[in-house]
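**Student:** Heads up: the protein sequence lines correspond to chains A and B, in order.
Under the working numbering, read the first sequence as residues 1 to 244, first letter to last.
Under the working numbering, read the second sequence as residues 1 to 120, first letter to last.
No lab work stands behind these hints: they were computed from the structure.
Each residue gets a CB set at the ideal place from its N, CA and C atoms; glycine is no exception.
Every clue listed holds true.
Label-pair distances were calculated between CB atoms; the ranges are:
id, chain 1, residue 1, chain 2, residue 2, range
1, B, 47, A, 242, 45 to 55 Å
2, B, 80, A, 11, 27 to 37 Å
3, A, 21, B, 84, 36 to 46 Å
Each chain is listed here by its residues.
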Amino acid sequence: MTPRLDEIWVYLSATPLLGLTLTLLAYQAAFRIYQRAGFHPLANPVLLAVGLLAGVLLLTGTPYQTYFDGAQFVHFLLGPATVALAIPLYAQWPRLKAMAAPLALALVAGSLTAALSAWGIGALLGASRESLMSLAPKSVTTPIAMAVAERLGGLPSLTAVLVISTGIIGAVGARYLYRWLGIDDPAVRGFAIGLASHGIGTARAFQISEQSGAFAALAMGLNGLVTALSLPWIMPLVERLLDR
Amino acid sequence: MIAALTLLLVFQLIGEIIARALSLPVPGPVIGMALLFLALMIRGGPGEDLRQTAGTLLQHLSLLFVPAGTGIVLYGDRLAAEWLPLVVALVASTALAIVVTAIVLRALTRGRTSSSGAPQ
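Just chain B, with the same shape it has in the complex (with noise of 0.2 Å):
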């Protein structure tokens, strides 16, 4: 588990270094992803301990987002001003974003055979 995490950690210091180096627009822990998705494809796959460390982290990500979450009480007074724009920003810009995909993908599959082997 130590030597996974310290793996994790070192791929998202590497992606960290060269978002500031080549000042990219992306975050460093998204290039870390990236580079470690490409060292599994060269190494042919994670090792039982990153695979356990990196289920275990996985499965409570939405812990994770506590912390920043609750930082909502700072943002009452803009909440307040600016609640109908967010709130219909948010349910109809999610809906579309479904809506968009599904069809996109449906129109593009039809006719071939899902992977569940029922044809569309």
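In isolation and in its complexed conformation, chain A is listed as follows (with noise of 0.2 Å):
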């Protein structure tokens, strides 16, 4: 039956049918796993998913093109999914514009702090440029992140996987820094993770409290539009005074 087999591969292989398919059942598989871990943060199901996904593509050599030829389908809706985004942003905006003024200093004073540092201590231990411009929007949810690399010169799919890496590391880190601060207020909680950790960080905050969870995601919100207005402008700048 093996000729069968592989006419049925080859078939399989060239329409967009089964790298659609494999993105859904990869992150069914992994929600599942997020679930049964108690919604632990390392067991972060996009993580979960792309490991299953990248191994799947490894081990039966399929060309990543290949596979993304289906997954496009999905990858399609981070456009209309940021798009989006206006509506919890509107949603908050009666508390927005209550602490807009300290909100607005620690928002800059964070989104330059997370993009910067991202990009000094990467160009330090002699990282190529293509990397420090697809490390310097990590801290913004993947859609923009991802605009804002290509806009840079880095690499949209490193961007990615750089993005949800720093989310899984603010999530479980988060707690300890404020316990080392002694912060306990949740607005600021909330607050600083949305910035440093976007969506998955916003997740983490929702399960400590509401309050948390409202800023996180306002802090989400607005950092992703202060990177995409601020950073194409502001690397090129960086670059050209450093001479690099």
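Two chains, two frames, a set of hints: combine them into the complex.
**Tutor:** Okay, structure coming up:
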């Protein structure tokens, strides 16, 4: 029956059906593990699904492009999902207005720290320019980070991996930092984790308290906007100033 | 749901057209998000259909990251060569961003009552 199997494989690897179906299957398996693990940040469903799919692609020798021909239908939805972030942002507008000035200053300070420290540390340790430009927008939600990285001359798919890692690092580490700093205001805790670790940090904040989660969602949306608006101008300026 | 999805796509399309026409460095979907936010402010909030569709889309946001994340298979060589700067930069800069944001916000809101009602 081997020839028939070969024929089936030739057919499957030439249609988008396989890549699309595999993506959805891997995600659902990953999400089930995440649920079983009591939503532990290390059992992040994106990380698990990517691990599963990467394993399948490497084992079967399938090129990423072949897989992406199918998976692009899922990937495409990142665009409308980014537009849809306007709705939670609108829902948080009264809170935003009440704390506008402190939030704006913390936002600018945090946003610049997130991008410039990633760039600076990476540059000091000898990362390539493409890697540095993929690192700079790592703290914002993936669709924005990927678009910004592309503008800067980074690699969008590398950025996606770095963004997801950043989310997991923040979600795991934030509570230790807060304990060390003695920060217990849920608004401050939520805003900082949402700013540094986007959606994954926001999901974590919601598990701690409703108020933390709301401020995290706000910080995630605002940092996405600030980063998208500022990095395409700031990074070329930094490079020119430091003559890199 | 179809109407809401169409609306999101229309805003994305307008965003893309503006980004390209004015050669803005900001991604089209982000401009679409800002425009939709403005429209919601003017209109006084999203309708039920839009709220539900956006909720569904954002609830499964992490699924949408998977195809791009799987692109890691393309970067085996780069990760092998650059894992140290990448890992150190990610961990240190994420911690720094959390610390700086939290300290600035705490310093600026200290003495005021937080929305939870407890004086800080």
